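Here the sequence shown is numbered in this note's numbering, starting from 1 and rising by one per residue.
In short, the hints are calculated from the structure, not lab data. It should be emphasised that the depicted structure is a prediction, and the values quoted were computed from it without experimental measurement. Please note: incorrect hints may appear among the correct ones.
Claimed, not checked - Once the Cα atoms are required to be at most 30 Å apart in a straight line, the calculated DSSO-like pairs of lysine-lysine come out as:
#1 Lys525 to Lys97
#2 Lys350 to Lys756
#3 Lys568 to Lys525
Unchecked claim - Distance ranges between label pairs, derived from CB positions:
#4 Glu613 to Ala273: 37 to 45 Å
#5 Met380 to Leu72: 17 to 25 Å
#6 Pro591 to Pro776: 23 to 31 Å
#7 Ser233 to Ala273: 28 to 36 Å
Note that CB positions come from ideal geometry on N, CA and C, so glycine has one too.
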Amino acid sequence: MNTEPMLHPTPHTPPHTPPPEMPDAMPVVPSRRDFDTRSGNWLERLVFNHRLWVMLACALVSLWLGAEATKLQVNASFEKMIPQSHPYIRNYLDNRKDLAGISNAVRVVVEHTEGEIYDAAYLATLAQINDALFLLPGTERAWMKSLWTPVVRWTEVTEEGLQGGPVMPDVSSAQKLSPEQLAQLRLNVGRAGIVGSLVGNDQRSSMIIVPLMDRLEDGRPLDYGAYARALDSVRERFESRSIRIRINGFAKLAGDLIQGLSQVMGFFAAAAAIAALIIGLHTRCWRSTLLLVASSLLGVLWLLGLMHIFGFVLDPYSILVPFLIFSIGLSHGAQKMNGIMQDIGRGTHKYVAARYTFRRLFLAGLTALLTNVVGFGVLMIIDIPVIRELALTTSLGVCILIFTKLLLVPVLLSYLGVSPAAARRSVREDTVETRGSGIGRLWNGLGRFTEPQAARAAVIVAALLGTGALAISLNLQVGDLDAGAPELRPDSRYNRDNGYVTAHYGLSSDLFAVIVKTPPGGCDKAAVLLESDRLGWALRQDPAVQDVISLPEVVRRYTAGGFEGAPKWMTLPRNQTLVNQGVRPALLNNPELSNQGCAITPVIAYLADHKAETLQRVLGIAERFAAQHDSAGLQFLPAAGSAGIEAVTNIVVRQANRTMLVLLYGAVALLCFITFRSWRAVVVALVPLLITSVMCEALMVLLGIGVKVATLPVIALGVGVGVDYALYLLSVQLAQQRAGVPLGLAYRRALQFTGKVVALVGLTLAAGVITWAWSPIKFQADMGILLVFMFLWNMAGALVLIPALSHFLLRGQPAGTTDSRHDKLPGTTPALNPPILEKSAC
1 MNTEPMLHPT
11 PHTPPHTPPP
21 EMPDAMPVVP
31 SRRDFDTRSG
41 NWLERLVFNH
51 RLWVMLACAL
61 VSLWLGAEAT
71 KLQVNASFEK
81 MIPQSHPYIR
91 NYLDNRKDLA
101 GISNAVRVVV
111 EHTEGEIYDA
121 AYLATLAQIN
131 DALFLLPGTE
141 RAWMKSLWTP
151 VVRWTEVTEE
161 GLQGGPVMPD
171 VSSAQKLSPE
181 QLAQLRLNVG
191 RAGIVGSLVG
201 NDQRSSMIIV
211 PLMDRLEDGR
221 PLDYGAYARA
231 LDSVRERFES
241 RSIRIRINGF
251 AKLAGDLIQG
261 LSQVMGFFAA
271 AAAIAALIIG
281 LHTRCWRSTL
291 LLVASSLLGV
301 LWLLGLMHIF
311 GFVLDPYSIL
321 VPFLIFSIGL
331 SHGAQKMNGI
341 MQDIGRGTHK
351 YVAARYTFRR
361 LFLAGLTALL
371 TNVVGFGVLM
381 IIDIPVIREL
391 ALTTSLGVCI
401 LIFTKLLLVP
411 VLLSYLGVSP
421 AAARRSVRED
431 TVETRGSGIG
441 RLWNGLGRFT
451 EPQAARAAVI
461 VAALLGTGAL
471 AISLNLQVGD
481 LDAGAPELRP
491 DSRYNRDNGY
501 VTAHYGLSSD
511 LFAVIVKTPP
521 GGCDKAAVLL
531 ESDRLGWALR
541 QDPAVQDVIS
551 LPEVVRRYTA
561 GGFEGAPKWM
571 TLPRNQTLVN
581 QGVRPALLNN
591 PELSNQGCAI
601 TPVIAYLADH
611 KAETLQRVLG
621 IAERFAAQHD
631 SAGLQFLPAA
641 GSAGIEAVTN
651 IVVRQANRTM
661 LVLLYGAVAL
671 LCFITFRSWR
681 AVVVALVPLL
691 ITSVMCEALM
701 VLLGIGVKVA
711 TLPVIALGVG
721 VGVDYALYLL
731 SVQLAQQRAG
741 VPLGLAYRRA
751 LQFTGKVVAL
761 VGLTLAAGVI
771 TWAWSPIKFQ
781 ADMGILLVFM
791 FLWNMAGALV
801 LIPALSHFLL
811 RGQPAGTTDS
821 RHDKLPGTTP
831 ALNPPILEKS
841 AC
């Protein structure tokens, strides 16, 4: 059988043209007794001849997975957010035990609203806060720093040599400091040089730096949600009129995102309600609408249960997966319900109607779901665990829909059916629409895009839109484009706290660290210190670098201190004996600048922001320096610190973005070709998706949204859902054309049978997702806006560009070319049983 559509026109009056009321009418079977249950392929017979067993099996699975779903935990992970196999991240992971002072940490700023920090009552409260944070499970206590920790020390040069001690005078935290001790504390803070780091520039606040463990003492991963709640508890306990507490750091950010998930679930419920309302108003059959929504929620329940069984957790990124599964399931379920309603409205028994719809749409639905699986599976190439888990769980959820939508929904509707009045109304509306009245004018208007003039206009407009969007999308950036935490709203508590820290402290929380690695005991060698100092100087040349802290910087000060503070000795001596005199007190007072074996020392740059452009520049400086100065006994290894890890993550996202799109469209094209058996049909299906993807990237540029971990999957998800529209429309259209129907009539019948549901589902999904725009989680709001855009444009592109492109590529083929293997059903004509639909359950 030649399946390639021909380019010459089809005769205007092909033989055996079916009546306009139904594009692929089956014989009307008013009673189940009149239907041969042995008809259909093996899968249809297996499912429908054993309906009770199918429903019982699904009920048992639902009970089991429902119980498992109740055990699913909500958490976040710092490690899952980073590309763990990247060489730079391996540098950090291999040495993170020696970098606890600059790794994952929380910064708690305690502000005295009524004056400076040199107040006995304020310092007593600060001590209590310090103790409360010290005792929290998950705190890396040895590296904690505040005015009350003994590792924060002062040093001065006297005529007797270097002298120093803890910044806090020798007093118990339970006691109040005397005026003399307060004066001593003020002096010690100045001598320690911690104004701008641990003490605010205006000296009205002080900071507690709380490094975190990756795992607790019992081996369990740190629960960021619980830790963030503990931080909030400390805040509520100690805040008062004179004390205000501000917190930033990944643990607090993750906790705020997890806390916002309760509202996310509210948006999920709103989306489900909106979807049920729109579909119910369209069909006027509430029982089948509720069944459709319930079966979509059943797929979500199965997914949540399997996620727990496979050891996954819900995090702020995968929380969107249940809604996507609900949306995809709703789309396929609406197509099944529409087909059954069409048959019942023409007098067919509900059981027979369910089997007819199964025959017509199983292949198109299966191909669409498999395309979704492949589309989401392509995200697995991205070397970021949180995205890989999102891809895996989404693909798993789509596989579940094969059972709950393609098999279970037709079985349930074979029992429940649809409202006879609603079914008859649907048929009457179709008849009226065919005559061009009411909304029928819209469908007839879309049908005109198969004609030369309208087709050319649509293709030209699409080409102009795509070209303009492509020009704008070239400015798409990778990474964060705004200050603060872009995952949250600018006016969120977290971003207000972060803004206060940035404004009142000389050093930000965006740390970029380069690991200097030597053989054990080699970090204090004069040559190593000199090279590390040169790296610090190179980093300082970037305008975004606020300051650089490293072992050579501290050694330089102590060296000068050993020579009565003479400015000419503010240098790194070449004599190793003099170097040792500066290194010993430097490491004693700053243990975070080296590990115990003196083999790992970080060079830490404090950045003004973590915008993508800033991170790219600073990482480039470190890379060029390492390439020029690495030697056998000395290595400069990027990158550690929050900004360093984010810089590497941006690299991985940039590399994966285009690769993901190429593989995604390649996989979708292959599956479409297997389904349609026509390269022209593949082009017709993919061009609207490509234009929508490019326009989505242009929209991201206009809205100031960068490509990052949160937004990278959006385009893949939009393509995975959007391809369903083309598959359903083209399946019916090509089947009609191959049966000898001219293109214009074939497309109108495709609109009548599946096009209305395509438009309905597109509008329904967009109406549900638009509620995300009010989410407190900004990246969810961004994803909502982008998904609404892709849902609507994929729908519009499918309804307008498919007929227009079909005019140039799929003019149809003459009648009589159908394969003899696809014989008609008894009592019907070949055109009434299109071959691509008749073998749909193969």
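Consistency of beta-carbon spacing, Ala273 to Ser233, with hint 28 to 36 Å = holds (34 Å)
Between Glu613 and Ala273, is the Cβ distance one that fits in 37 to 45 Å?
-> Since Glu613 and Ala273 have Cβ atoms about 43 Å apart, the given range 37 to 45 Å holds.
Can the restraint linking Lys525 and Lys97 be considered satisfied, given a maximum Cα separation of 30 Å?
-> Status holds; Cα separation ~22 Å.
Hint check for Leu72 and Met380 - Cβ pair distance inside 17 to 25 Å = holds (22 Å)
Restraint status (C-alpha distance of Lys568 to Lys525 at most 30 Å) = holds (21 Å)
Does Lys756 lie within 30 Å of Lys350 when you go C-alpha to C-alpha?
-> Roughly 21 Å separates the two Cα atoms, so the pair holds.
Starting from the hint 23 to 31 Å, judge whether the C-beta atoms of Pro591 and Pro776 obey it.
-> Violated, at about 39 Å.
Hint 6 from the list above is the single one not met by this structure.
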